[in-house]
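**Student:** From just these sequences and the hints, can you work out the full model?
Residue numbers (the numbering used here), protein chains in the order written: chain D, 1 to 503; chain Y, 1 to 374; chain Z, 1 to 329; chain H, 1 to 325.
Note that these hints are calculated values from the structure, not bench results. There may be inaccurate statements among the hints.
Claimed, not checked - In silico negatives: residues of chain D with every beta carbon more than 10 Å from chain Z: (1) V55; (2) T121; (3) E122; (4) L129; (5) K192; (6) V236; (7) A249; (8) E256; (9) G268; (10) Q291; (11) G292; (12) Q318; (13) R385; (14) D418; (15) D459; (16) A486.
To be verified - In silico DSSO-like links for lysine-lysine, alpha-carbon gap of 30 Å or less: (17) D:K73 x H:K212; (18) Y:K294 x Y:K41; (19) H:K123 x D:K73; (20) H:K123 x D:K20; (21) Y:K363 x Y:K41; (22) D:K399 x H:K212; (23) Y:K239 x Y:K299.
Note that CB positions come from ideal geometry on N, CA and C, so glycine has one too.
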Amino acid sequence: MTQLPIIEMRGITKSFPGVKALCGVSFAAYPGEVHALAGENGAGKSTLMKVLSGVYLPNDGAIVVAGKERHFKHPLDAIEAGISVIYQEFSLLPERTVAENIFLGREPTRCGIVDRRAMETEARRVVALFGEAQHIEPDALVADLDVASQQLVEIAKAVSLDAKVIVMDEPTAALNETECEALFALVEMLKKRGTAIVYITHRMREITKLADRVTVLKDGWTAASYDHVPTPDTIVHAMVGRDIGDYYAEPATAQEIGALVLSVRNAGNDQLKNISFDIKAGEIVGFAGLQGAGRVALARALFGAAPFTKGEVTLAGQSARFQSPREAIRAGVGLLPGDRKGEALVLMQSVSDNGMLTARALSNLAGHDKATRFASTTSMDALLRQVDVRAGNFSQEIKSLSGGNQQKTIVARWLSLDPKLLIFIEPTRGIDVNAKAGIYHLMRELARKGAAIMMVSSDLPEVLGTADRVLVMRLGELAGEFARGATEAQIMLAATGEKVGAA
Amino acid sequence: MRRLITATLAAALLASTAQAQQLNFDDPVEFDKQRQQLTAKANGPEGEPWVQYYGDAIVDTAKFKKDGPYTVCFSNAGVNNAWRVTGWTNMQAEVKLHPEIKELIHVDAEGSDDKQIADIDDLLNGGKCSVLIVSPNTTAALTPAVEKACGVLPVIVFDRGVNTKCPVTFIHPVGGYGFGIQAGEFVAANAPAGANVLLLRIIPGVDVLETRASAAKRIFKEKGLNVIGEEFTEGDNAKTKSIVEDYLAKGSLDAIWMDAGATAVAALEAFEDAGKPLPIITGEDQQDFLQKWKAEGFKAIAPTYPTYQWRTPIIAAVKVLRGDPVPGPEWVMPQPAITAENLDQYVNDKMPPLHHAMCGCEKLPDYPAAWGGK
Amino acid sequence: MTQPASMRNIAPARRRLQQINPVYFVLAVLIVAIAVSNPSFVEPTGYMNFLKRAAPLAILAAGQIYVIVSGGFDLSVGSLITLTVVGSSMLLNNNADATWWVILVMYVIGALVGLINGLVVSYLRVPSLIATLGMMITLNGVAFMWSSGSPRGYLPETFRYFGRVNIQGVPLIQFLPVALIALVMVGATFYWLMHRTNFGRMLHAIGDNPRAAKMSGVPVERVRVLAFMVSAFSAVTAGILLGGFAGVSTDVGIGYELQAITATVIGGAQLLGGRGSVPASIAGALTLTAIFTLLNFVGLPKPTRDVVQGVILIAAVVLATYRRNRTGT
Amino acid sequence: MSSFARYRAAWRLERYAPALLLGIALLIYIAMALGLGQTRFLTPEAAVSILNRSIALGMTAVGQTFAILVGSIDLSVAHLISASAVVSSAIMDGNPAMMLPAAFAALALGAVVGTLNGLLITKLEVNPLIATLGMSLVIQGCLASFYGSFKGSVPDEFQIFAYGNLLGLPISLLVLVMLTLLAWLVLRFTRFGSNVYSVGGNRDTARAAGIKTARIVIASHVICSLYAALAGLYLASRLKSGSPWIGAEGAYDLESIAVVVIGGTILSGGKGGIWGTVAGVIIFSLIDSIFNLAGVDAFAKQVMRGIIIVAAVAFYAVRSKRMAA
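**Tutor:** See below:
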């Protein structure tokens with residue numbers, strides 16, 4: 001290519017208290033090209049894009065747009081420079097309509113009056129680009145849409161901006177096959193118009209299919225950068241930095257699998273139907289499926305956060321249809337939520353307090369906080385050290401710890417209670433590679449000690465590498481069961497109910 | 001920068017208009033008039049000050065003559081303090097003495113001018129009222145509403161006035177200067193020249209309280225007393241006590257002058273708790289103060305703003321509706337002070353602490369139960 | 001490993017100094033200023049009167065901080081104070097023998113008020129600002145209804161003992177106000193409950209992140225209800241002290257809710273929950289009282305006091321935000 | 001979930017809840033009037049008089065809606081109302097020629113206060129409750145030290161604002177209707193209005209979409225303060241002069257907040273609207289009228305009011321999945 005890049009990021013460095021998220025990363029996007037940005041969770045992809053979109057100010061480095069150095073102090077600067085980002089975590093306002101969300105902050109006006117008709121016409125036009133199957137009324141409230149439709153609104157927002165650069169952060173995570181194809185067609189169309197697309201994914205198939213260049217990030221560094229599309233193996237190697245083999249822990253041996261711990265029969269609620277499965281002590285059971293397939297709903301139902309309304313559940317022989325997390329915890333169930341900041345951490349409190357939280361919650365309210373029935377601060381310190389939480393001291397606020405150390409603290413929280421069943425949801429989301437391996441080994445260690453482990457993850461290689469058995473969910477039901485050694489293709493097939501050529 | 005300039009301008013505006021506007025609460029003519037009234041002989045039956053009046057201005061009310069039974073409407077500023085509670089009880093009891101009154105419709109403005117204006121509007125729209133009694137929340141604010149009512153039916157105003165002569169009569173005791181004079185002269189007569197006097201006030205800006213203070217200050221100045229402070233208590237016991245404690249910590253206090261006596265006992269307790277002898281003090285006719293006065297025997301006077309004035313509007317209303325003449329357009333009634341000599345007449349330990357003794361209610365129906373007494 | 005280099009190099013002593021809540025320094029400076037402007041303050045009558053006067057607000061702040069840490073507000077405390085004083089006077093009617101059971105009844109009423117506040121916030125999901133605003137209006141009405149507008153009984157000396165009496169003949173300090181003993185006892189109990197028990201930790205957790213607390217097994221509703229009950233308990237206590245200090249009146253409690261919240265904010269509490277300390281809130285209350293006392297001694301009129309209170313309130317929050325941003329926590 | 005359903009705007013109870021509450025209040029009122037045989041309380045004149053009760057509260061609440069929608073709150077309106085009333089009446093001082101300058105000064109004061117509130121909240125990151133509470137104390141203090149009592153007086157020409165009639169309707173009511181319509185137009189039809197909802201809904205999302213969130217918050221506070229200043233002008237006209245306690249006396253700070261949330265605008269922002277607030281104001285007036293009709297005394301009225309505020313908000317809140325604190 002002889003063309004000039006539309007945008008170029010040079011030597012971007014960004015650090016947060018306690019974490020260095022990006023270290024001298026460079027990146028460029030050319031018109032009419034798809035530049036794939038690959039990397040593990042926590043490699044810095046999202047942070048890089050937030051710098052590009054003006055959400056974060058970089059500590060060092062430069063952004064050059066059309067040959068001119070720019071400093072984005074506010075997202076508006078980036079938008080004006082023609083950069084549009086579709087974030088992984090949705091940035092939609094649930095209480096507003098589809099059209100209002102698409103035109104958030106840039107509503108068309110006529111004589112100062114918002115031109116609702118123009119808004120709805122344009123929204124209709126953009127949504128129509130996705131094909132006949134995807135029909136969303138512009139005046140529907142976003143809160144009334146399902147996850148996939150919301151994703152579509154996100155994309156529509158960027159498309160309607162007519163941006164020079166569109167960043168898509170794992171856009172297919174919630175889409176089914178047909179929707180994916182429509183998206184790919186859309187990407188091709190945008191390419192033809194001369195838009196530069198930054199496509200963040202860790203799905204090799206999408207890279208192979210769409211990308212013109214590939215950059216791989218790892219732990220905040222540029223691990224590799226290619227002006228062509230290399231083989232998936234090369235990319236994976238650059239992403240992971242070592243062989244998959246020793247990355248995951250050893251599977252369970254036949255002897256290690258013990259008595260039945262959890263048994264679910266014909267259970268269901270408004271999101272789940274007819275669920276039946278078992279988990280034995282010492283076993284890690286992975287749950288795969290598309291976003292919205294009911295895996296998280298199942299975990300929350302077991303944990304009593306969104307209880308089952310029918311069916312039977314037993315835990316170690318006892319009836320176990322819990323109505324609240326507290327009830328579940330008392331009976332020996334633990335859960336590590338996927339939304340760590342939202343559902344697990346109390347950010348202003350210390351590492352130690354976060355570890356002690358559940359032990360204290362189950363103890364006498366008037367009891368001494370340093371020595372509860374389940375753990376004392378001393379035993380918690382030992383646990384935290386055992387799971388290898390790295391902090392200056394355990395009385396510092398947990399806010400300043402990295403994602404991996406935060407997650408390990410939550411593991412220690414549950415360890416102190418010796419749970420019979422431990423549910424991990426997206427256990428390695430936003431965690432760096434080394435910490436990931438640590439979490440995998442911790443899970444295995446727990447299983448060896450006799451816990452039954454349920455793991456819900458959208459990271460298919462992770463599920464395949466960690467679980468002893470994989471259950472696949474689709475549309476709120478169990479759609480298949482696979483022993484260790486299944487391929488991604490088999491699982492995707494079960495998850496989508498369609499023929500898939502997964503990487 | 002532009003914002004800064006705007007802000008400065010606004011502040012300057014505030015300050016300059018403030019300078020230009022100082023209402024006059026120190027009127028020597030009114031001062032002398034009220035001083036005379038305090039010692040003048042009132043017309044009307046002895047021992048019933050609620051029907052007594054000064055002067056001989058009488059208004060003819062024949063044009064309001066109407067057959068009974070009557071519906072009396074009363075727009076009340078509020079019953080938000082003990083004085084008004086005693087008064088309101090008086091008024092209700094007075095109504096029971098008049099069988100020709102079929103109904104007393106009472107609307108409570110809860111201390112809000114805005115609401116009282118709306119209330120009067122409602123009463124007029126209701127069309128049931130034979131006569132309207134108004135106890136205005138503030139003088140200026142209620143004037144337009146009262147003017148409007150005058151066009152429709154006879155209006156009687158009492159307690160605070162309005163800036164219009166349209167009501168049939170405006171019933172009130174001698175006034176703020178009179179109160180200030182009684183209290184001020186007592187302190188001046190009993191304290192040695194140069195004595196330290198602390199003025200305890202409720203809040204600034206209320207006309208009747210301002211005139212009390214200006215009268216007292218005029219007297220203190222004449223006598224050469226040393227006013228060492230003028231503090232606002234917001235009628236709060238705790239604040240009053242704290243303020244007095246602070247003054248006692250700083251130096252000696254010989255006398256306390258109060259523009260309203262509600263917190264007099266708290267002021268005295270500050271002396272007690274500090275182990276200091278009780279000062280010369282001016283209070284009001286609240287029972288707790290009178291009882292303490294009787295028990296401790298300190299030098300005190302209790303000028304009153306008598307709650308018996310709440311009986312008068314009902315009496316006047318009935319007269320007006322019958323077409324009988326009433327004192328007016330101002331009905332100024334006596335404003336006695338309680339002194340050591342007549343204290344025993346008013347002390348009554350069967351009555352609740354915040355009961356106002358100058359209520360003229362002892363012979364009214366349901367006394368003392370309705371007033372909370374035993 | 002995650003500590004920035006600059007933090008490591010600070011001498012331990014200085015670091016500890018930085019960790020001390022600035023409210024204590026501010027309070028110390030104010031006390032010195034008062035003592036300078038009015039030398040008699042250093043005598044027992046001076047500072048004991050000060051503490052006695054500050055005790056109700058300090059107790060109230062120590063209770064309010066429970067609700068603040070749990071992520072809410074309690075605006076109903078002022079009215080509850082009024083209700084306590086008015087209700088006690090109605091029930092007691094100068095009958096000294098009834099003191100103890102009347103106090104008990106008042107605490108039961110307080111517990112009920114806290115319980116209702118907590119239940120409304122927890123189960124009806126009404127924001128505490130609105131729930132306790134409604135309670136404030138309601139209780140005020142109840143107090144007036146009960147007394148038909150003006151309280152009809154005296155408070156006997158046995159009741160007023162707690163707020164008024166100084167125990168004489170105490171060595172060193174000559175005398176000791178009972179209110180101060182009450183403050184120390186309540187302060188110590190509240191300190192223990194907030195900073196030494198599981199309850200206190202749960203309180204921080206639900207204010208910090210209620211969803212995470214729920215998912216971690218914290219009985220969120222129960223803890224929240226208890227927080228409102230503690231606050232109501234402190235309001236009844238403050239009411240007993242204020243009634244004792246100054247006797248019967250109908251508007252004792254007015255404005256105390258905002259003063260209590262102000263005190264906790266000056267004490268560095270995080271509004272909307274997760275951070276706050278009982279001793280610092282008490283210090284905040286003392287600071288507020290000290291400011292008023294100082295302005296009084298200096299002879300500034302009330303309007304100026306309002307302005308100063310407003311400015312200090314905003315400044316305290318700005319300072320706390322600035323400190324937090326700077327230390328990166 | 002694997003294919004896109006055809007989504008249309010769904011019918012939602014919340015949207016009609018304020019109207020429902022208003023309907024209930026209206027029914028009670030009518031039932032009481034009929035029951036007591038007081039049918040003259042059901043005439044158009046009576047309706048106008050009910051609405052006329054709450055002009056000042058209405059103006060303040062419409063402004064407060066902006067502050068709450070944007071995710072903030074304003075406790076300084078009560079004292080700002082007093083300040084506006086006093087300053088304008090002091091400047092007019094009975095002189096009709098000074099009417100415009102006085103109104104301008106009051107509005108300028110409102111703009112300054114609103115800007116300061118907004119700056120404190122956005123630039124110094126002070127919690128809006130504390131920022132506006134502090135501001136409220138400062139205004140109160142300034143007011144009391146400059147003006148002790150009623151100041152100035154309003155010329156008769158200016159009193160037309162509060163007492164005049166046009167086409168058989170009170171001018172003040174017409175002004176309130178116009179101000180309400182204006183607020184509705186701004187919120188519904190301008191980009192700024194959309195931005196208010198966006199910033200209130202989620203400040204980070206709004207920022208990421210390129211909205212200058214600080215400006216929106218400041219502007220919302222300026223609007224809130226301007227409406228309060230207008231309420232002050234109205235009260236000056238109604239009371240013939242400005243009193244420094246008129247705002248606090250009417251408890252316009254807490255009442256306006258109560259009215260807004262009764263109207264279904266959620267305290268955390270981003271959801272609700274002007275018509276809900278209007279419903280809330282009318283509900284409050286109706287409650288007043290119902291109590292007056294029934295002859296309930298002021299104290300019992302207070303008790304009921306407190307309960308009604310909580311019950312109305314619970315009516316909305318109990319269905320939402322949000323955890324309250």
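**Student:** None of the hints should be skipped; say for each whether it holds.
**Tutor:** Okay, the hints, checked on the actual structure:
1. Taking the minimum C-beta to C-beta distance to chain Z, about 18 Å, the non-interface status of D:V55 holds against the 10 Å cut.
2. Every CB of chain Z is more than 10 Å from the CB of D:T121 (nearest about 39 Å), matching its label as outside the interface.
3. Distance to chain Z confirms D:E122 as a non-interface residue, since its nearest Cβ pair spans about 37 Å, more than 10 Å.
4. Under the 10 Å C-beta cut-off, the non-interface status given to D:L129 relative to chain Z holds; the minimum distance is some 37 Å.
5. No Cβ of chain Z approaches the Cβ of D:K192 within 10 Å, the least distance being about 45 Å, so the stated non-interface status holds.
6. Its beta-carbon lying about 28 Å from the closest one in chain Z, D:V236 satisfies the requirement of being farther than 10 Å from that chain.
7. Remark: the non-interface label on D:A249 is consistent with the geometry, its nearest Cβ contact in chain Z lying 24 Å away (cut-off 10 Å).
8. D:E256, annotated as away from the interface, keeps every beta carbon of chain Z farther than 10 Å; the closest lies near 28 Å.
9. Interface exclusion of D:G268 from chain Z stands, the closest Cβ pair being 22 Å apart, more than 10 Å.
10. No Cβ of chain Z comes within 10 Å of the Cβ of D:Q291; the nearest lies about 20 Å off, and the non-interface call holds.
11. The beta carbon of D:G292 is kept farther than 10 Å from every beta carbon of chain Z, the shortest such distance being approximately 20 Å.
12. Every C-beta of chain Z lies more than 10 Å from that of D:Q318, the closest at about 18 Å, which supports listing it as non-interface.
13. The beta carbon of D:R385 sits about 14 Å from the closest Cβ of chain Z, which is more than 10 Å, so the claim that it is off the interface holds.
14. Every beta carbon of chain Z lies more than 10 Å from that of D:D418, the smallest distance being close to 14 Å; the non-interface claim holds.
15. Distance check on D:D459: its Cβ is at least 22 Å (rounded) from any Cβ of chain Z, clearing the 10 Å threshold; non-interface status holds.
16. In this structure D:A486 is separated from chain Z by more than 10 Å, as the shortest Cβ-Cβ distance comes to about 31 Å.
17. Of the pairs offered as hints, the one joining D:K73 and H:K212 holds, with about 11 Å between alpha carbons and a cut-off of 30 Å not exceeded.
18. At roughly 29 Å between alpha-carbon atoms, Y:K294 and Y:K41 fall within 30 Å of each other, so this suggested pair holds.
19. Of the pairs offered as hints, the one joining H:K123 and D:K73 holds, with about 15 Å between alpha carbons and a cut-off of 30 Å not exceeded.
20. For the suggested pair H:K123 and D:K20, the alpha carbons sit about 27 Å apart, so the restraint of at most 30 Å is met.
21. Distance check on the hinted pair: Y:K363 and Y:K41 sit about 24 Å apart at the alpha-carbon level, within 30 Å; holds.
22. Proposed proximity of D:K399 and H:K212 is supported: the alpha carbons are some 27 Å apart, at most 30 Å.
23. Pair hint Y:K239 plus Y:K299 holds up; C-alpha atoms about 23 Å apart against a cutoff of 30 Å.
Consistency note: the structure conflicts with none of the earlier hints.
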